[in-house]
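*Asks:* Those sequence lines, one after another, are chains A and B. No gaps in the numbering here: position 240 of the first sequence is 240 in UniProt numbering, and each next residue is one more. No gaps in the numbering here: position 48 of the second sequence is 48 in UniProt numbering, and each next residue is one more.
It is worth saying that the hints were derived from the structure and are not from the lab. Ideal placement from N, C-alpha and C gives every residue a C-beta, glycine not left out. There's no promise every hint is true.
As the list claims (entries may be wrong) - In silico BS3-like cross-links for lysine-lysine, where the CA-CA straight-line distance does not exceed 30 Å: (1) A/Lys216 to B/Lys122; (2) B/Lys15 to A/Lys303; (3) B/Lys122 to A/Lys303; (4) A/Lys216 to B/Lys130; (5) B/Lys326 to A/Lys216; (6) B/Lys150 to A/Lys216; (7) B/Lys150 to A/Lys220; (8) A/Lys7 to B/Lys15; (9) A/Lys216 to B/Lys131; (10) B/Lys253 to B/Lys22; (11) B/Lys22 to A/Lys220; (12) A/Lys220 to B/Lys130; (13) B/Lys131 to A/Lys303; (14) A/Lys220 to B/Lys253; (15) B/Lys81 to A/Lys220; (16) A/Lys216 to B/Lys15; (17) A/Lys216 to B/Lys253; (18) B/Lys131 to A/Lys220.
To be verified - Chain A regions said to be covered by chain B (calculated; three or more residues, Cβ under 8 Å): (19) 136-145; (20) 194-203; (21) 209-218; (22) 294-301.
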Amino acid sequence: MTAYIVKRLIAMLVTLWLIITLTFFLMHSVPGSPFNEERATNETVQKNLEKYYHLDEPLIVQYGLYLKSVITFDFGPSIKKSSQTVNEMLGRGFPVSFELGLVTLIVAVISGITLGIIAALRHNGILDYTAMTIAVLGISIPNFVMATLLIQQVAVNWGILPVATWVSPKHMILPTLALATGPMAIIARLTRSSMLEVLTQDYIRTAKAKGLSPVKIIFKHALRNALLPVVTVLGSLAASILTGTFVIEKIFAIPGMGKYFVESINQRDYPVIMGTTVFYSAILIMMLFLVDIAYGILDPRIKLHKKEGS
Amino acid sequence: MEKVLEVKNLHVSFKTYGGEVKAVRGVTFDLYKGETLAIVGESGCGKSVSAQSIMRLIPNPPGKIKHGSILFKGMDLTAVKEPQMRNIRGADISMIFQDPMTALNPTISIGEQIIEGVLQHKQVTRQEAKKTALEMLDLVGIPNPVERLKHYPHQFSGGMRQRIVIAMALVCQPEVLIADEPTTALDVTIQAQILDLFKEIQSKTGVSIILITHDLGVVAQVADRVVVMYAGKIVEAGSRREIFYNPQHPYTKGLLNSVPRLDIEETELVPIGGSPPDLFSPPTGCPFTARCAYAMEVCDRKYPFKTRLSQEHHVDCWLQDERAIKMLASIK
Chain A
1 MTAYIVKRLI
11 AMLVTLWLII
21 TLTFFLMHSV
31 PGSPFNEERA
41 TNETVQKNLE
51 KYYHLDEPLI
61 VQYGLYLKSV
71 ITFDFGPSIK
81 KSSQTVNEML
91 GRGFPVSFEL
101 GLVTLIVAVI
111 SGITLGIIAA
121 LRHNGILDYT
131 AMTIAVLGIS
141 IPNFVMATLL
151 IQQVAVNWGI
161 LPVATWVSPK
171 HMILPTLALA
181 TGPMAIIARL
191 TRSSMLEVLT
201 QDYIRTAKAK
211 GLSPVKIIFK
221 HALRNALLPV
231 VTVLGSLAAS
241 ILTGTFVIEK
251 IFAIPGMGKY
261 FVESINQRDY
271 PVIMGTTVFY
281 SAILIMMLFL
291 VDIAYGILDP
301 RIKLHKKEGS
Chain B
1 MEKVLEVKNL
11 HVSFKTYGGE
21 VKAVRGVTFD
31 LYKGETLAIV
41 GESGCGKSVS
51 AQSIMRLIPN
61 PPGKIKHGSI
71 LFKGMDLTAV
81 KEPQMRNIRG
91 ADISMIFQDP
101 MTALNPTISI
111 GEQIIEGVLQ
121 HKQVTRQEAK
131 KTALEMLDLV
141 GIPNPVERLK
151 HYPHQFSGGM
161 RQRIVIAMAL
171 VCQPEVLIAD
181 EPTTALDVTI
191 QAQILDLFKE
201 IQSKTGVSII
211 LITHDLGVVA
221 QVADRVVVMY
231 AGKIVEAGSR
241 REIFYNPQHP
251 YTKGLLNSVP
261 RLDIEETELV
271 PIGGSPPDLF
281 SPPTGCPFTA
291 RCAYAMEVCD
301 RKYPFKTRLS
311 QEHHVDCWLQ
321 DERAIKMLAS
331 IK
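Required output: the full structure, derived from the provided sequences and hints.
*Replies:* Given below as structure tokens:
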């Protein structure tokens with residue numbers, strides 16, 4: 001197990017390095033600079049600014065400097081908001097984004113799996129069709145449309161929930177719903193199809209032949225096997241939730257990381273772009289790693305450690 | 001001898017888009033205490049469906065028991081409610097399926113899979129259930145059971161898995177064990193071991209076994225009585241000796257001719273030509289007519305009466321009719 005984790009950690013670092021390198025060169029290949037604005041700046045001022053942020057150095061030197069800053073976890077000050085460092089921005093935005101993402105993931109997983117099981121058990125029944133209609137709607141409606149609809153109906157027309165911001169648990173409901181519908185729908189469909197497949201397996205018939213109750217058969221024998229494919233997509237779903245937060249945070253005026261991320265790209269705020277990208281990538285890679293570990297726990301056939309000789 | 005199970009005039013159908021498939025059409029047989037009854041026939045003849053009907057494991061819909069009764073301990077299993085049926089499954093009647101590679105849940109340790117059956121039916125603690133499971137694994141010949149209990153199905157070979165499946169089926173000491181092609185997925189040497197295991201267990205526990213197979217070699221090794229099924233009907237039944245040495249139905253004869261034998265000079269196997277009838281609309285006459293070398297006009301029109309040849313031996317064939325016997329004699 002330890003050997004496996006060490007191996008994975010090394011692979012994760014390499015992946016992260018590749019992402020950093022790619023982002024860095026892509027970012028610099030885009031024309032323009034942080035100081036390109038409609039209002040022309042004084043040439044000497046611009047030169048000095050570029051010197052201050054090392055933008056006058058050759059690209060490869062900048063890259064070296066950047067790698068150094070990543071290793072020391074000091075992403076430096078923002079170019080646009082010079083009073084703030086990237087670390088401060090991440091420190092302020094991340095807890096909020098994390099809260100939103102985590103709640104969304106939990107809601108999506110629980111409701112998606114429940115819907116999927118119900119649909120599978122009532123295969124071709126009314127409940128199945130209802131659940132799958134909800135799922136298709138959930139997949140087809142983009143989260144920003146969902147968000148606007150929810151705000152319009154629930155917050156404005158009915159006035160039950162607040163329109164925006166991130167103050168109390170009550171404020172969390174709408175953004176979470178808007179963000180969770182898509183992933184929930186994907187999980188529901190996946191759970192349904194894999195549950196249907198598992199229910200036709202021989203070992204389910206064996207369990208029935210043992211005289212087990214339907215509840216035991218479903219939760220003990222079927223669900224665990226049916227969830228294996230669901231766990232597999234959790235990693236990439238986490239990614240889609242993360243990127244989904246950019247838009248949702250913007251719509252609901254939530255002070256998360258998404259705001260910094262989008263703004264930094266528009267303004268070519270190099271340190272912030274790099275900081276947020278690296279941070280997001282690290283989280284994603286971590287998620288995928290956790291999914292693999294979870295997979296090994298769920299399915300005894302998958303061994304994460306060396307063969308013990310079976 | 002004491003009857004354990006009586007199946008009377010069982011009809012089972014499946015509803016499909018193409019219509020109703022009449023898979024079992026009036027099957028009647030008894031099972032006595034401590035015997036092994038083999039049900040033989042080719043694929044699709046209704047032998048598995050009959051067996052699964054006894055356990056009420058036919059998926060419904062589309063499957064349905066249309067007529068008939070299955071008497072077990074004075075209860076009609078076709079009529080009992082589902083919760084009561086659950087108390088019978090695994091406790092009084094157990095089943096072993098064909099493929100041991102898929103019959104065990106891959107994500108649950110085999111110990112747990114055996115123990116849960118005990119806990120379901122017996123008022124015992126987990127520790128006691130575990131002890132029973134260990135004894136059972138020992139009985140079916142799993143070496144080092146204490147250690148093996150924690151292992152998962154993929155850590156066992158096919159033969160070992162079938163032993164585990166057998167242990168699982170027998171752990172509550174059922175009176176009837178239905179084995180649906182238990183050796184088909186195993187290679188021949190393992191087959192022999194498993195069949196020996198059946199005999200050993202039967203002599204120790206007195207369980208009655210219904211063995212479903214298409215392999216007459218297996219039948220010859222373990223069966224006391226044999227039921228031959230064709231197109232959803234029992235065409236011939238009798239003791240093992242009667243079926244092997246004095247087969248009467250042309251289908252039974254055909255089956256025996258298509259088995260490789262070492263004790264006869266003639267080495268060429270004779271297959272039965274043609275294929276079984278469509279069970280969407282089974283023929284009104286004898287279903288074997290189209291493939292039968294002795295077919296007469298009457299065979300196509302009317303299903304033959306049951307002719308009883310001895311206490312156990314009976315056959316459904318027009319060749320048993322006096323007139324046919326006379327005619328055959330005159331030709332010779």
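*Asks:* Each hint: holds or not?
*Replies:* Hint check:
Proposed proximity of A/Lys216 and B/Lys122 is supported: the alpha carbons are some 16 Å apart, at most 30 Å. Distance hint between B/Lys15 and A/Lys303 is unfulfilled; the C-alpha atoms sit about 44 Å from each other, more than 30 Å. Distance restraint check for B/Lys122 and A/Lys303: the Cα-Cα separation of roughly 35 Å exceeds the 30 Å cut-off, and the hinted pair is therefore not satisfied. Taken as a hint, the A/Lys216 and B/Lys130 pair is honoured in the structure, with Cα atoms around 19 Å apart against an allowance of 30 Å.
With a CA separation close to 63 Å, the supplied pair B/Lys326 and A/Lys216 exceeds the 30 Å bound. A threshold of 30 Å between alpha carbons decides the hint, and for B/Lys150 with A/Lys216 the separation of about 20 Å falls inside it, so the pair holds. Distance check on the hinted pair: B/Lys150 and A/Lys220 sit about 17 Å apart at the alpha-carbon level, within 30 Å; holds. For the proposed pair A/Lys7 and B/Lys15, the alpha carbon gap of about 55 Å is over 30 Å, so the pair is violated.
For the hint linking A/Lys216 to B/Lys131, the alpha-carbon distance of about 22 Å falls within 30 Å, and the restraint holds. In summary, the hint linking B/Lys253 to B/Lys22 is supported, as the alpha carbons are separated by about 25 Å, within the 30 Å threshold. Straight-line distance between C-alpha atoms of B/Lys22 and A/Lys220 comes to about 35 Å, which puts the hinted pair past the 30 Å bound. For the suggested pair A/Lys220 and B/Lys130, the alpha carbons sit about 18 Å apart, so the restraint of at most 30 Å is met.
At roughly 29 Å between alpha-carbon atoms, B/Lys131 and A/Lys303 fall within 30 Å of each other, so this suggested pair holds. Distance hint between A/Lys220 and B/Lys253 is unfulfilled; the C-alpha atoms sit about 48 Å from each other, more than 30 Å. A distance of roughly 23 Å separates the Cα atoms of B/Lys81 and A/Lys220; the hinted pair therefore holds under the 30 Å criterion. Annotation: proposed proximity of A/Lys216 to B/Lys15 holds, straight-line Cα distance about 28 Å (limit 30 Å).
Of the pairs offered as hints, the one joining A/Lys216 and B/Lys253 is violated, with about 47 Å between alpha carbons and a cut-off of 30 Å exceeded. Between B/Lys131 and A/Lys220 the alpha-carbon distance is near 22 Å, which keeps this suggested pair within the 30 Å criterion. Interface restraint, the stretch 136-145 of chain A with chain B: violated (0 residues with C-beta to C-beta distance below 8 Å; minimum three). As drawn, the stretch 194-203 of chain A meets chain B at 3 residues by the rule of a beta-carbon pair under 8 Å; at three or more, the given contact holds.
Only when three residues or more bring their CB closer than 8 Å to a CB of chain B does the claim for the stretch 209-218 of chain A stand; here the count is 6, and the claim holds. Residue count for the stretch 294-301 of chain A with a Cβ under 8 Å from a Cβ of chain B: 4. That meets the three needed, and the coverage hint holds.
When held up to the earlier numbered hints, the structure conflicts with 2, 3, 5, 8, 11, 14, 17 and 19 and fits the remainder.
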